[in-house]
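Just need the whole structure built from these sequences, with the hints factored in.
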Amino acid sequence: MVKHGFELDGVLGTSLIEMYSKCGSIESALTVFQSIQRKKVGHWTAIIVGLGMHGMADNVLQLFLEMRKNGMQPHAITFIGVLNACSHAGLVDLGRYYFNLMINDYEIEPTIEHYGCFVDILCRAGCLDEAKNVIGSMPMKPNKVIWMSLLSGARIHGNVEIGDYAAQRLIEVSPDTIGCYVVLSNMYAAVHQWEKVAQVTNPILRQKIYSKLSEVREKLKSVGHVPDTSQVLLCLEEEKEKEVELENHSERLAIAFGLINLEPRSPIRIIKNLRVCNDCHSVTKLLSKIYNREIVVRDNSRFHHFTNGSCSCKDFW
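Numbering of the sequence shown is given in my numbering, commencing with residue 11 and proceeding in unit increments.
Don't read these hints as lab results, they were simulated from the structure.
Every value quoted in this text rests on a predicted model; they were computed, and no experiment measured them.
Here are the computed lysine-lysine pairs in the BS3-like style, where the Cα-Cα straight-line distance is at most 27 Å: (1) K229 - K252; (2) K282 - K231; (3) K218 - K252; (4) K252 - K299.
Right, dumping it as structure tokens:
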């Protein structure tokens with residue numbers, strides 16, 4: 011750009027700084043920044059945010075001071091960069107100072123991103139009660155990022171009570187956040203609460219299995235499979251309820267588990283103590299072809315080897 015005579019004083023300079031920062035070349039971003047003769051707020055903000063991404067907190071704070079000395083008025087995004095740098099460097103006192111400076115001196119109303127950075131600063135440092143109070147004082151509803159910060163801080167610092175509180179709120183806001191269950195499980199494991207580990211881990215696995223079963227259902231429909239509900243013994247009136255009951259048969263769950271956890275094309279082996287029902291037998295044949303898998307099922311009387319849409323029992327068992 012410089013060789014071709016392009017001026018970097020405007021939006022082009024800001025864009026280049028952001029591009030180099032996001033591509034991991036912070037040195038190039040600094041070179042562009044330093045080459046700009048008439049630096050504007052956007053240039054200062056871009057390099058501050060970029061340096062923050064790379065964990066260079068000292069450089070961020072030094073540039074922020076220079077920016078203010080040069081009479082530049084930082085805006086909301088500038089402070090996100092500063093607070094983010096404080097968070098990753100563990101600068102709690104400076105984080106508090108800059109958060110209050112933004113509000114009191116520059117009259118910038120904190121957004122949820124500012125609160126997220128500030129809560130993260132406190133949680134990383136173990137100031138969990140203060141973080142909880144800050145969350146409670148927010149004028150907007152906390153999002154999953156904020157609750158996850160509190161939960162992660164509780165795990166790091168071994169505060170199960172606050173961890174439980176954060177997890178409950180996070181699940182209310184975003185029940186599909188798998189990371190919540192992972193962090194919660196790790197927190198319980200660290201304090202040897204193994205029963206709670208099992209309780210937390212099960213929902214993760216259950217969600218994955220039933221998600222895979224949904225995929226299986228769609229694939230079966232696409233090849234024309236019609237569930238055989240004639241052998242469903244429960245007193246269910248609706249046909250749909252009977253189909254759901256079939257989907258919960260143990261070999262279906264085991265196949266879904268195998269599809270999730272085993273390498274592609276590796277055999278899936280299942281052992282059960284009851285006879286394979288007609289529908290599960292038909293479904294397993296189809297799945298062996300759809301997923302190009304050998305599926306071996308040992309029921310109460312024999313082995314069934316399913317490959318490429320056929321079974322070794324030749325449909326007589």
